[in-house]
Amino acid sequence: MSAIVSSTTHQAHTRSGGVPRHQIVAFVLMVAFFAIAPAAIYPIFLMKVMCFALFACAFNLLLGFGGLLSFGHAMFLGTAGYTAAHAAKVWGFTPELAILFATGCAALLGWLVGLLAIRRQGIYFAMITLALAQMVYFFYLQAPFTGGEDGIQAVPRGKLLGLIDLGTASTMYPFVFAIFIFGFLLIWRIVHSPFGQVLKAIRENEPRAVSLGYDTDRYKLIAFVLSAAIAGLAGATKSLVFQLASLTDAHWSMSGEVVLMTLLGGMGTIFGPVVGAAIIITMQNYLAQLGAWVTIVQGLIFVICVMAFRRGVVGEIANLIKKPL
Amino acid sequence: MTEIFGVPTQALFGQLLIGLINGSFYALLSLGLAVIFGLLNIINFAHGAQYMMGAFVAYLLANLLGVGYWWALLLVPLIVGASGVVIERLMLSKLYKLDHLYGLLLTFGLALIIQGLFRHYYGSSGQPYPIPQELTGARNLGFMFLPNYRAWVIVVSVVVCLSTWYVIERTKLGSYLRAATENPQLVQAFGINVPRMITLTYGFGVALAALAGVMAAPIYQVSPQMGADLIIVVFAVVVIGGMGSILGAILTGFGLGLIEGLTKVFYPEASNTVIFVIMAIVLLLKPAGLFGTEK
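Note that the protein sequences, when read in sequence, are chains R and V.
First residue of the first sequence: 1, per the numbering used here; consecutive thereafter.
First residue of the second sequence: 1001, per the numbering used here; consecutive thereafter.
Bear in mind the hints are in silico, worked out from the structure with no lab data behind them.
Misleading hints may appear alongside valid ones.
Unchecked claim - Once the Cα atoms are required to be at most 30 Å apart in a straight line, the calculated BS3-like pairs of lysine-lysine come out as:
#: 1; chain 1: V; residue 1: 1172; chain 2: R; residue 2: 322
#: 2; chain 1: V; residue 1: 1172; chain 2: R; residue 2: 323
#: 3; chain 1: V; residue 1: 1094; chain 2: R; residue 2: 89
#: 4; chain 1: V; residue 1: 1097; chain 2: V; residue 2: 1172
#: 5; chain 1: V; residue 1: 1097; chain 2: R; residue 2: 323
#: 6; chain 1: R; residue 1: 48; chain 2: R; residue 2: 159
#: 7; chain 1: V; residue 1: 1172; chain 2: V; residue 2: 1094
#: 8; chain 1: R; residue 1: 89; chain 2: R; residue 2: 48
The shape of chain R in the complex, shown without the other chains:
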């Protein structure tokens, strides 16, 4: 499993001095962009980018740092979307409670799926997650509470903590921004924690990690649950932004998209998935009228990335400046 990411990742920073300066610079730039951008760019679009960026970061936690390629991550995005929408619309949960509840549901599903999937490795892992995600998709297609092809529409954004009305972009945007930064920093923290280091050791050489006494299955399962939960956080937030939870989010093509975002941005880099998500979402926006071309272009990007551009955008930049990003 090591070959897939070792070219794109670098040893994490473990010195006691903390985070390297260029990463802080990159982080400040990213925060500044999302803080200033709504002045020039449609806020709903930016919120969509942030939701998918968080989704891709969660996926990257598993692939880039754990070496596990899940081809079914849409099930967590979709599950959280549906449960958040249902909780907010039918049960009248406030937005923060709906999101918490949905994140918990995604984590629970992640635990169940993880228990099964980590029993096999490599491509079997990918096939198993894909198949289980398809099962979840069929469940949502038939379950009465999801509204089938229509999805759950007109989901109320509600009032944050019962006080702040999230109905307008001026209040919703900071809320989504805060969730995105929270999720991003959480992943950063996980990657640089002792747990993250063990995860990398497992990715590089699992038998060796086992011989060092690590219960690798447990580490992989925890990584899977964490990734599922953060993907769920993204999905729940997304359903409140668009006030809609639909089958699209649970479909296998969504699982493919998140792989593409991560691959294009740079597997195993901290900032790569954010860049990848921004590029893919922008492209979808421009090509939306062209129907099938979106699929074709995505396929082409896949092929180009795999054949010639395996480091991804951020991975290439990191390689250029010789510092991990």
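Since the structure of chain R is already known, use the hints to place chain V on it.
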């Protein structure tokens, strides 16, 4: 009307037949995947797209050149298989030194391109493909009507599967293949052209998918999406069977088709998901798959 477990026999046998037909396709497709995986160590994500290509090329041959079903049965696997050879030479062969997951990602990208192109030019709606004249009609078996074409599909699938098994397990060519699966360097050292064997194996696996596509064309409508969902089920079939054994892939394919058919009779709500549930159970009890061996 006679009944078994409260279900009319007509409905029961009808669904069993559909299950057997689906099983024929599962078997053909998972066989192709297993053969490719055996030698190339990659999962061919484009398998569903290549199955769809098979159906589409048959449709185009019929509508543009007036080539009928029987010629299509021969030509389409050759054409689509040749496209597979090109893909292997130009792209896949560059990835063998890398992690196997790159092969999966590449073929996934190719599947998106192929499906997108066909959707762009022919739309999402299905195109009809006629059943060849010689195979129209049905025969009365006493307890049910068996359409001739469906019987033909089952027979061809069984014959193709068993011949493939025979070639791989019982002939000299097959022994080279199996040896190269175990240790390609050593086989190469014995003077056998392993890279060419890998290329042809991929072409053969793709041709099997295309053959399945031609046979599916008269049963299902020819549409760009026909392979996308099917391939996920086939992946589950492969996980259940384990990819270690050719015969295992065939048996699992037919068996799961039948189980799916039975589910449609007794608990239709679960018919979409039953294979995935079985996969989960098999993973719990025997993670390597029913016929697989833990590597």
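Quiz item: Out of the numbered hints, which ones does the structure contradict?
Solution: 1, 2 and 3
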